[in-house]
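Let chain E serve as the given structure and place chain F on it in line with the hints.
One letter stands for each residue in the lines below.
There are 2 protein chains.
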Amino acid sequence: MTRYQHLANLLAERIEQGLYRSGERLPSVRTLSQEHGVSISTIQQAYRLLENLQLITPLPRSGYFVSPRKAQPPVPAMTRPVQRPVEVSQWDEVMTLLDTRGDKNVVPFGSGSPDLDQPGLKPLWREISRVAQHQPEAVMSYDMLTGRQELREQIARLMLDGGAVVSPDEIVVTSGCHGALAIALLSVCKAGDIVAVESPSYHGTMQMLRGFDIKAIEIPTDSQTGISIEALEMALEQWPIKGVILVPNCNNPLGFIMPDSRKRQILSLAQRHDIVIFEDDIYGELAAAYPRPSTIKSYDVDGRVLLCSSITKSVAPGMRVGWIAPGRYYDRVVHMKYAASSFGVPATQMAVASFIRDGHYHRHVRRMRQIYQQNMETYTCLVRQYFPCGICMTRPQGGFLLWLELPEDVDMVSVSKQLRLQNIQIAPGSLFSASGKYRNCLRINCALPPNERNRNALKQIGEAVQGAMEHFAIVRGT
Amino acid sequence: MTRYQHLANLLAERIEQGLYRSGERLPSVRTLSQEHGVSISTIQQAYRLLENLQLITPLPRSGYFVSPRKAQPPVPAMTRPVQRPVEVSQWDEVMTLLDTRGDKNVVPFGSGSPDLDQPGLKPLWREISRVAQHQPEAVMSYDMLTGRQELREQIARLMLDGGAVVSPDEIVVTSGCHGALAIALLSVCKAGDIVAVESPSYHGTMQMLRGFDIKAIEIPTDSQTGISIEALEMALEQWPIKGVILVPNCNNPLGFIMPDSRKRQILSLAQRHDIVIFEDDIYGELAAAYPRPSTIKSYDVDGRVLLCSSITKSVAPGMRVGWIAPGRYYDRVVHMKYAASSFGVPATQMAVASFIRDGHYHRHVRRMRQIYQQNMETYTCLVRQYFPCGICMTRPQGGFLLWLELPEDVDMVSVSKQLRLQNIQIAPGSLFSASGKYRNCLRINCALPPNERNRNALKQIGEAVQGAMEHFAIVRGT
Numbered sequence: 001m002t003r004y005q006h007l008a009n010l011l012a013e014r015i016e017q018g019l020y021r022s023g024e025r026l027p028s029v030r031t032l033s034q035e036h037g038v039s040i041s042t043i044q045q046a047y048r049l050l051e052n053l054q055l056i057t058p059l060p061r062s063g064y065f066v067s068p069r070k071a072q073p074p075v076p077a078m079t080r081p082v083q084r085p086v087e088v089s090q091w092d093e094v095m096t097l098l099d100t101r102g103d104k105n106v107v108p109f110g111s112g113s114p115d116l117d118q119p120g121l122k123p124l125w126r127e128i129s130r131v132a133q134h135q136p137e138a139v140m141s142y143d144m145l146t147g148r149q150e151l152r153e154q155i156a157r158l159m160l161d162g163g164a165v166v167s168p169d170e171i172v173v174t175s176g177c178h179g180a181l182a183i184a185l186l187s188v189c190k191a192g193d194i195v196a197v198e199s200p201s202y203h204g205t206m207q208m209l210r211g212f213d214i215k216a217i218e219i220p221t222d223s224q225t226g227i228s229i230e231a232l233e234m235a236l237e238q239w240p241i242k243g244v245i246l247v248p249n250c251n252n253p254l255g256f257i258m259p260d261s262r263k264r265q266i267l268s269l270a271q272r273h274d275i276v277i278f279e280d281d282i283y284g285e286l287a288a289a290y291p292r293p294s295t296i297k298s299y300d301v302d303g304r305v306l307l308c309s310s311i312t313k314s315v316a317p318g319m320r321v322g323w324i325a326p327g328r329y330y331d332r333v334v335h336m337k338y339a340a341s342s343f344g345v346p347a348t349q350m351a352v353a354s355f356i357r358d359g360h361y362h363r364h365v366r367r368m369r370q371i372y373q374q375n376m377e378t379y380t381c382l383v384r385q386y387f388p389c390g391i392c393m394t395r396p397q398g399g400f401l402l403w404l405e406l407p408e409d410v411d412m413v414s415v416s417k418q419l420r421l422q423n424i425q426i427a428p429g430s431l432f433s434a435s436g437k438y439r440n441c442l443r444i445n446c447a448l449p450p451n452e453r454n455r456n457a458l459k460q461i462g463e464a465v466q467g468a469m470e471h472f473a474i475v476r477g478t
Numbered sequence: 001m002t003r004y005q006h007l008a009n010l011l012a013e014r015i016e017q018g019l020y021r022s023g024e025r026l027p028s029v030r031t032l033s034q035e036h037g038v039s040i041s042t043i044q045q046a047y048r049l050l051e052n053l054q055l056i057t058p059l060p061r062s063g064y065f066v067s068p069r070k071a072q073p074p075v076p077a078m079t080r081p082v083q084r085p086v087e088v089s090q091w092d093e094v095m096t097l098l099d100t101r102g103d104k105n106v107v108p109f110g111s112g113s114p115d116l117d118q119p120g121l122k123p124l125w126r127e128i129s130r131v132a133q134h135q136p137e138a139v140m141s142y143d144m145l146t147g148r149q150e151l152r153e154q155i156a157r158l159m160l161d162g163g164a165v166v167s168p169d170e171i172v173v174t175s176g177c178h179g180a181l182a183i184a185l186l187s188v189c190k191a192g193d194i195v196a197v198e199s200p201s202y203h204g205t206m207q208m209l210r211g212f213d214i215k216a217i218e219i220p221t222d223s224q225t226g227i228s229i230e231a232l233e234m235a236l237e238q239w240p241i242k243g244v245i246l247v248p249n250c251n252n253p254l255g256f257i258m259p260d261s262r263k264r265q266i267l268s269l270a271q272r273h274d275i276v277i278f279e280d281d282i283y284g285e286l287a288a289a290y291p292r293p294s295t296i297k298s299y300d301v302d303g304r305v306l307l308c309s310s311i312t313k314s315v316a317p318g319m320r321v322g323w324i325a326p327g328r329y330y331d332r333v334v335h336m337k338y339a340a341s342s343f344g345v346p347a348t349q350m351a352v353a354s355f356i357r358d359g360h361y362h363r364h365v366r367r368m369r370q371i372y373q374q375n376m377e378t379y380t381c382l383v384r385q386y387f388p389c390g391i392c393m394t395r396p397q398g399g400f401l402l403w404l405e406l407p408e409d410v411d412m413v414s415v416s417k418q419l420r421l422q423n424i425q426i427a428p429g430s431l432f433s434a435s436g437k438y439r440n441c442l443r444i445n446c447a448l449p450p451n452e453r454n455r456n457a458l459k460q461i462g463e464a465v466q467g468a469m470e471h472f473a474i475v476r477g478t
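Read top to bottom, the protein sequences are chains E and F.
At position 44 of the first sequence (counting the first as 1) the number is 44 in the working numbering, and the numbers step up by one without a gap.
At position 30 of the second sequence (counting the first as 1) the number is 30 in the working numbering, and the numbers step up by one without a gap.
Isolated chain E, as found in the complex (with noise of 0.2 Å):
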């Protein structure tokens, strides 16, 4: 550490300590030079750090201030979505969103990439080329339709720590979670079919909805419990529902874990009602408490939870590495995985296996789940300082999601395509919903290292957003 961090350091925590209060004048830069016997420069670099940290203010001409603390904005509050079955719209939005994919001059903010700058995937990318060298014929061959033994069996280890007892044989190797869950879906469900969602909800299961002709219809959400268990219940009163898709477990975009009771509660609402329960587990793993929560499908005792899940928010996206555990649909899924996927790749399978098995898997897991809860407390700082007043924001309990709601007049789709202009790509609330609701809300990718070219992106994201709210209220007049 140089000396002008170590200064920084002292300072922010004299801060945070409350030996200076919120809007009180620190020391001049002549006085703490003398004071710690350093230069000047030294002092003014500490000083421009802990101003970069929003910790401090500028004042010209009158010195350094302790930034003004806001107070921690409240949770969004029970989501109020249409109470019909809707065909999915917005696709143009989520291609907007994916065209920027890959380009290293957009801060991707609106993604749901995990970081994947991190040391603890070398033994992955190692792994794949030791398998490719060492044994090509594995490699270059048709797959098992289920996927690979050795990986089913890795697989059903994982499902253990969130409480579900599947043996190797009852589950299906697929591509990514969106391909489980594509698959669970069309074994389970016909075009025209209802199926009850979170609302909001991940934009890549309503777009899926969307391609198979299967009608959403949105369920009260609660930021922090989950979806409401009476207004599902409501909802399948009045209308002939198939199945619903829950992300009970670090919920995109929400943040949330259901609270077991309710995971209990929601299970057996599904049996009374005789509906399936499709569970995304993909950010499960990425819980900040430990041991993990549990799944839905580990209360499952008629196979109705078709548990999906992969590694591609835990560990990467390109091993394209996912899983069903289908429970009675097995058969079903067996054959929908064949016509509408076939085959997997046998090398990522193959390395994935390996490096569950050597403990890799469980390291690295194990060591993201802290880096993105100190992500996401850092951004919530920074958003309390770059956003104007009135918001909303979760409380994540685990993954790398944050979701904002802005006033109600705020539209982020067209401060979204304002950010694009300069390089800053979001992903606006209405991406979340079938019906295009949301609109005033954004999801914040914090897997993103909290660096200074990210902070300054976040804090254009706040000015844009304080600049609609302006706008709005010349508009109104007020």
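No lab work stands behind these hints: they were computed from the structure.
Here the structure is a predicted model, which means the values were calculated and not measured.
Mixed in with the good hints there might be a few duds.
What the hints assert, rightly or not - Once the Cα atoms are required to be at most 20 Å apart in a straight line, the calculated PhoX-like pairs of lysine-lysine come out as: (1) Lys104/E <-> Lys417/E; (2) Lys437/E <-> Lys417/E; (3) Lys417/E <-> Lys459/E; (4) Lys190/F <-> Lys190/E; (5) Lys437/F <-> Lys417/F; (6) Lys190/F <-> Lys242/E; (7) Lys417/F <-> Lys459/F; (8) Lys242/E <-> Lys190/E; (9) Lys242/F <-> Lys190/E.
Frame of chain E; chain F shown alone:
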């Protein structure tokens, strides 16, 4: 070449040239030994080799005789499937076929896997190893939705060889040709739709129709010129058919290449009736003739041909690299790719792109074309020797699949069960019909090198067929 192999060659040539006629007695071992100045055992080895090659037959205590040459069996006649849309059945039989995959004890004559024990594949697995080591970030990341640019560029080049001018931006990378066809079908058809297919037709495609609840109408098909355009036209006049799935080049399972004039005819028929053509070109690169045959896509003027292909048969299935050129259906196909299968595996895409770009692909395919052509000739000879009379057999113009038609009575489904106990897997013809026709047919994978083990297996198949025929002769009392 060892001495006995040299001698065997010499004798084989003499038989070929008619110096020793069919049924004629060959010189004794002693005579030849003296004539060529080699040991008795060398002559015995040479004769044993010729015996294995079924060119000569030993008669106890009488010496060796030139095996009788059977006449080339006729090709199968135009097929006559049921002329109405049916739901595809036969899934259990397909599963039986898939179940043996990867079992080293089983001789997989029923599979469609190419020969993977080839030095030409070395640059490919080396490249996988290299990209994992040198571009780990790209390997770990989400792919582009339509597939990697450098791969699409190479695919566009390959399409040119088949006469189709398609830009890289009009191509969507998929998980093999199977994934391509699945996305193509899901993009164009709905449950309940009717699609026309060649008869016989690849079982994977038909199980796809079953999975998506699409009915198949099987159209009479000639084993040398392809689908009957007249019969297709009649069907189009009678039923609301959405499209037709064709494997016009090196058809699976019949091996024909549709003449160009017929390709144009079928396209203009499709235009008149406004239907879609799903063109499966997966074996097209393995045509015996050079340059490779044209695709129907190459004549397509209004974008109604969805050209699907992959490197599965020409290179290796384990890469899962396939593609669609969807013409006017591009937007729908991109959405359906997102809905049904989402992103691909970057590692194999990157490796395959380099493999093609650096010339390894064309070198490998050139060599495999020759090998498969030789194999098919050898297996054709062997079938003539091992199988009873009264069979019909295709004359494939490429690929590596032979199709045999046995007398009506022979039930290859039960023969296949019997052979399974002998660790031999075959594909009974009924898999290739939506309605379970062609029980008296079988498809043979000639990518299996005709070594002793595989020859013996073929011999056992021949004997089992012989046994089935005799059984029926007894039952019928003839």
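Evaluation of the provided hints:
A C-alpha spacing of about 18 Å is found between Lys104/E and Lys417/E, which places the hinted pair at or below 20 Å, so the restraint holds. Between Lys437/E and Lys417/E, the direct Cα distance comes to roughly 17 Å. Compliance with the 20 Å bound is thereby established for this hinted pair. At roughly 16 Å between alpha-carbon atoms, Lys417/E and Lys459/E fall within 20 Å of each other, so this suggested pair holds. Of the supplied pair hints, the one linking Lys190/F and Lys190/E holds, its CA atoms being roughly 10 Å apart against a limit of 20 Å.
Between the alpha carbons of Lys437/F and Lys417/F the distance comes to roughly 17 Å, so the proposed pair stays at or under 20 Å and holds. Note on Lys190/F and Lys242/E: the hinted pairing holds, with a Cα-Cα distance of about 19 Å set against a maximum of 20 Å. Annotation: proposed proximity of Lys417/F to Lys459/F holds, straight-line Cα distance about 16 Å (limit 20 Å). Distance restraint check for Lys242/E and Lys190/E: the Cα-Cα separation of roughly 9 Å lies within the 20 Å cut-off, and the hinted pair is therefore satisfied.
The straight-line distance between the Cα atoms of Lys242/F and Lys190/E is roughly 19 Å, inside the 20 Å bound, and the hint therefore holds.
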